[in-house]
Amino acid sequence: MRITGKRTQEDGLYQTEQTRKRQREKGRSGVASAPHLFRAEQRKLRTRYVWIVPVGFLALLLLWMLVTVRNFDSLDRASGYQYVLYSMSVMNAIFMPVMLSVVASRLCDMEIKGNTLKLLYTLERPGRFYDIKYLFELKYLIAFSGGETLGLIVLGKGVGFTEPVRPAMFAEHFIAVTAVGAVILSIQHLLSLMSDNQILPLIVGIAGGFLGLFSMFFPEAVNRLILWGYFGIFSVAVVDWQKTTDETMYLYYRHLPAAQFAVFLVAGAVIYLIGKQIFLRKEV
Amino acid sequence: MEKIITTDSLTKRYGKKYVVKNLDLCVPTGSIYGFLGPNGAGKSTTMKMLLGLAKPTGGEIRIFGASVEEKNRLKILKYTGSLIESPAHYGHLSGRENLQIICTLKGIPESEIDSVLKTVRMENQQDKKVKNYSLGMKQRLGLAAALLGRPRLLLLDEPTNGLDPAGIQEMRELICSLPDRFGMTVLVSSHLLSEIDQMATHVGIINQGELLFQDSLESLHRHSRARMRIRTTDDGRAYRLLSKASLPVRQEAQSGEVMLDSTEDVKVLRCGRLLAEHDIGLLRLEECQVSLEEIFLKLTGKKVSL
Chain X
17 MRITGKRTQE DGLYQTEQTR KRQREKGRSG VASAPHLFRA EQRKLRTRYV
67 WIVPVGFLAL LLLWMLVTVR NFDSLDRASG YQYVLYSMSV MNAIFMPVML
117 SVVASRLCDM EIKGNTLKLL YTLERPGRFY DIKYLFELKY LIAFSGGETL
167 GLIVLGKGVG FTEPVRPAMF AEHFIAVTAV GAVILSIQHL LSLMSDNQIL
217 PLIVGIAGGF LGLFSMFFPE AVNRLILWGY FGIFSVAVVD WQKTTDETMY
267 LYYRHLPAAQ FAVFLVAGAV IYLIGKQIFL RKEV
Chain U
17 MEKIITTDSL TKRYGKKYVV KNLDLCVPTG SIYGFLGPNG AGKSTTMKML
67 LGLAKPTGGE IRIFGASVEE KNRLKILKYT GSLIESPAHY GHLSGRENLQ
117 IICTLKGIPE SEIDSVLKTV RMENQQDKKV KNYSLGMKQR LGLAAALLGR
167 PRLLLLDEPT NGLDPAGIQE MRELICSLPD RFGMTVLVSS HLLSEIDQMA
217 THVGIINQGE LLFQDSLESL HRHSRARMRI RTTDDGRAYR LLSKASLPVR
267 QEAQSGEVML DSTEDVKVLR CGRLLAEHDI GLLRLEECQV SLEEIFLKLT
317 GKKVSL
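From first to last, the protein sequence lines stand for chains X and U. Under the working numbering, residues 17 to 300 are what the first sequence spells out, in order. Under the working numbering, residues 17 to 322 are what the second sequence spells out, in order.
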């Protein structure tokens, strides 16, 4: 049976009664479901090419690493993975905050520029919007840290490291990089959503990178106060500065300090929640 | 008449400054309610509070008969479309893709997109990126997004802002057609009296956060009917005499002139006779028209934009 009605058919909206019925069936709460929200978020990213950012940074870091290790002698190759894990921690401290600020900015800027929050808040809860946006940014971080971890293993095999791959250490590297990155990302996420101009979050990202690098040379107590320095603190390969000489760098593996890492995760969650509260207080 | 929106002492305060003060809004179902006020009067803030985008400092909002609270806000807004200030859009996507996102969030089929694009006459521009749209096209896209899901209530905040005269005319016609075509109630704000005059069936005038007038447009027009200005040799005596005779007269506070709130021949004639009978000399009898602009100016104390 056709659903018609002269007036509504003319307007081309004759199917709307069916729509209303479907709407009623779909959700009586009026709140868009999580799959809908994820799908909508995915659709927003069309033609944004956000993948280029983590892939580009990853390519740069791995290329840099390749240039450094390609002429390693047999002695260096015997501890090659320790070296690349240590070096990558330093590089992550410099580059990852910048990468994360660009990712967050690419995803949040479209909402600010397009004045979309006024519309979105009538369709979804602001808190949910904040969370889902963050999860989308996190996706790029996980892809980056996963790609980095696998990339280092492949790189080592490619240049002929004789040191065996220790999966546990690489897994811990992946966890540490992702965790530190996730906390930094929560700050970039907040800044990008709160700033009309994305220059500020980008400056914070660049400044954080430098601060993270320099903090590695600060006393440990000071280093612990600097979030961006945690790439170094949680590095699974560290330099033994007592034994290191001008000619030889002594490295050793170190498991993630469980208690310290747990405290860091809790602090990270608190930072995220504080950021979310700040965002929720903002009226659009 | 059934009311689709009512507010009770709705108040919004930033620090010590009241942006909206004890607002008792009453929007009849099926009406086009023109929410009129000068810039900064509190129109947008009120509309934002209705949509839950700004938290009221005090008072209550009822939409579709239900009290709007954070927990049921989205449920109520599911049957509401809105266009607040500048239209929301994703510039890197096409018009159609923008509407697809709204469909996904509203949980409605994308088949509705064609209907709303036809309604706002944007079928030919739907595949163009929104960043290349003119402001008028963006406004129409915003309206199309608001119409998705065929809401029962539409909140439009200054929808003709920035449009050229042709765009204003087109938007106005579109808004006027909505109640009849789709059974929608439209709350439309503007600082342009002429615009509200051409669109609305009901009007609310707000200034400095306070509602100064609220009734049908017809009622507002009644205020603008013609009057007779009477100048005599003794205005005080003339006023007392005419009011005693139950004629609709009043005395202007500043000039002391007598105003007869009617232009009916019978009443004018009676005035003339009474004055003559009591030896009060008639110096001038003048018909004056009170325009809507004057009423607006009187109510708000601000010069109206035209």
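These are calculated hints, taken from the structure and not from any lab test. Positions of the beta carbon are idealized from the N, C-alpha and C atoms, including for glycine. Among the hints, erroneous ones may be present.
[Unchecked claim] Below, a list of computed lysine to any residue pairs in the SDA-like style, where the Cα atoms sit at most 20 Å apart:
no.: 1; chain 1: U; residue 1: Lys87; chain 2: X; residue 2: Val300
no.: 2; chain 1: X; residue 1: Lys298; chain 2: U; residue 2: Arg89
no.: 3; chain 1: X; residue 1: Lys129; chain 2: U; residue 2: Lys147
no.: 4; chain 1: U; residue 1: Lys144; chain 2: X; residue 2: Arg59
no.: 5; chain 1: X; residue 1: Lys298; chain 2: U; residue 2: Lys87
no.: 6; chain 1: U; residue 1: Lys71; chain 2: U; residue 2: Ser47
no.: 7; chain 1: U; residue 1: Lys147; chain 2: X; residue 2: Arg62
[Claimed, not checked] Among the chain U residues that face chain X by a calculated CB cut under 8 Å, a handful are:
no.: 8; residue: Ala70
no.: 9; residue: Leu93
no.: 10; residue: Glu101
no.: 11; residue: Ala104
no.: 12; residue: His105
no.: 13; residue: Gln116
no.: 14; residue: Lys122
no.: 15; residue: Gly123
no.: 16; residue: Met275
no.: 17; residue: Val282
[As the list claims (entries may be wrong)] Label-pair restraints from in silico Cβ distances:
no.: 18; chain 1: X; residue 1: Asp212; chain 2: U; residue 2: Lys144; range: 22 to 30 Å
no.: 19; chain 1: X; residue 1: Phe226; chain 2: U; residue 2: Asp24; range: 51 to 59 Å
no.: 20; chain 1: U; residue 1: Thr45; chain 2: X; residue 2: Gly72; range: 54 to 62 Å
no.: 21; chain 1: U; residue 1: Lys144; chain 2: X; residue 2: Ile294; range: 35 to 43 Å
no.: 22; chain 1: X; residue 1: Gln58; chain 2: U; residue 2: Asp24; range: 36 to 44 Å
no.: 23; chain 1: U; residue 1: Glu85; chain 2: X; residue 2: Ile148; range: 22 to 30 Å
no.: 24; chain 1: X; residue 1: Ile68; chain 2: U; residue 2: Asn88; range: 26 to 34 Å
no.: 25; chain 1: U; residue 1: Gly74; chain 2: X; residue 2: Ile294; range: 52 to 60 Å
no.: 26; chain 1: U; residue 1: Arg29; chain 2: X; residue 2: Ala278; range: 40 to 48 Å
no.: 27; chain 1: U; residue 1: Thr73; chain 2: X; residue 2: Lys129; range: 42 to 50 Å
no.: 28; chain 1: U; residue 1: Ser25; chain 2: X; residue 2: Gly72; range: 50 to 58 Å
no.: 29; chain 1: X; residue 1: Ile68; chain 2: U; residue 2: Glu309; range: 50 to 58 Å
no.: 30; chain 1: X; residue 1: Asp212; chain 2: U; residue 2: Asn55; range: 49 to 57 Å
no.: 31; chain 1: U; residue 1: Gly56; chain 2: X; residue 2: Ile68; range: 42 to 50 Å
Here is what the structure says about each hint:
1. Proximity of lysine 87 of chain U to valine 300 of chain X is assessed by CA-CA distance (about 19 Å); at most 20 Å being required, the pair is judged to hold.
2. Between lysine 298 of chain X and arginine 89 of chain U the CA atoms are separated by roughly 18 Å; this keeps the pair inside 20 Å, and the hint holds.
3. Taken as a hint, the lysine 129 of chain X and lysine 147 of chain U pair is honoured in the structure, with Cα atoms around 10 Å apart against an allowance of 20 Å.
4. Of the pairs offered as hints, the one joining lysine 144 of chain U and arginine 59 of chain X holds, with about 16 Å between alpha carbons and a cut-off of 20 Å not exceeded.
5. With a CA separation close to 19 Å, the supplied pair lysine 298 of chain X and lysine 87 of chain U stays within the 20 Å bound.
6. Distance check on the hinted pair: lysine 71 of chain U and serine 47 of chain U sit about 26 Å apart at the alpha-carbon level, beyond 20 Å; violated.
7. Pair hint lysine 147 of chain U plus arginine 62 of chain X holds up; C-alpha atoms about 14 Å apart against a cutoff of 20 Å.
8. Hint on alanine 70 of chain U holds. Least Cβ distance to chain X is approximately 5 Å, under the 8 Å limit.
9. Taken as an interface hint, leucine 93 of chain U checks out: its beta carbon lies about 5 Å from the nearest beta carbon of chain X, inside 8 Å.
10. Below 8 Å, beta-carbon pairs count as interface contacts, and glutamate 101 of chain U has one with chain X at about 7 Å; its hint therefore holds.
11. Using the Cβ-Cβ criterion of 8 Å, the hint placing alanine 104 of chain U at the interface with chain X is satisfied: the shortest such distance is roughly 4 Å.
12. Against a cut-off of 8 Å between C-beta atoms, the interface hint on histidine 105 of chain U holds, since the closest Cβ of chain X lies about 5 Å away.
13. The beta carbon of glutamine 116 of chain U is positioned within 8 Å of a beta carbon in chain X (closest approach about 6 Å), and the interface hint is therefore held.
14. Taking 8 Å as the C-beta cut-off, the interface hint given for lysine 122 of chain U holds, the closest approach to chain X being about 6 Å.
15. Evaluation of the glycine 123 of chain U hint against chain X yields a held restraint, the C-beta minimum of about 5 Å falling below 8 Å.
16. Annotation: methionine 275 of chain U was flagged as interfacial toward chain X, and the flag is violated, the nearest CB pair being 46 Å apart, outside 8 Å.
17. Annotation: valine 282 of chain U was flagged as interfacial toward chain X, and the flag is violated, the nearest CB pair being 46 Å apart, outside 8 Å.
18. Look at aspartate 212 of chain X against lysine 144 of chain U: about 26 Å separates their beta carbons, and that is inside 22 to 30 Å.
19. Separated by about 56 Å at the C-beta atoms, phenylalanine 226 of chain X and aspartate 24 of chain U satisfy the suggested range of 51 to 59 Å.
20. Distance hint check: the CB atoms of threonine 45 of chain U and glycine 72 of chain X are about 56 Å apart, consistent with the given range 54 to 62 Å.
21. Between lysine 144 of chain U and isoleucine 294 of chain X the CB atoms are about 37 Å apart, so this pair conforms to the stated range of 35 to 43 Å.
22. For glutamine 58 of chain X paired with aspartate 24 of chain U, a C-beta distance near 42 Å keeps the hint of 36 to 44 Å intact.
23. The given range of 22 to 30 Å is respected by glutamate 85 of chain U and isoleucine 148 of chain X, whose C-beta atoms sit roughly 23 Å from each other.
24. In this structure the supplied range 26 to 34 Å is violated for isoleucine 68 of chain X paired with asparagine 88 of chain U, their Cβ-Cβ distance being about 42 Å.
25. Between glycine 74 of chain U and isoleucine 294 of chain X the Cβ separation comes to about 24 Å, which falls outside the hinted range of 52 to 60 Å.
26. Remark: the range hint 40 to 48 Å for arginine 29 of chain U to alanine 278 of chain X is upheld by a beta-carbon distance near 44 Å.
27. A hinted range of 42 to 50 Å for the beta carbons of threonine 73 of chain U and lysine 129 of chain X is inconsistent with their spacing of about 30 Å.
28. With their beta carbons about 56 Å apart, serine 25 of chain U and glycine 72 of chain X fall inside the hinted range of 50 to 58 Å.
29. At about 57 Å, the CB distance of isoleucine 68 of chain X to glutamate 309 of chain U agrees with the hint of 50 to 58 Å.
30. Hint check: aspartate 212 of chain X to asparagine 55 of chain U, Cβ distance near 21 Å, so the stated range 49 to 57 Å is violated.
31. Between glycine 56 of chain U and isoleucine 68 of chain X, the C-beta spacing of about 44 Å keeps the proposed range 42 to 50 Å intact.
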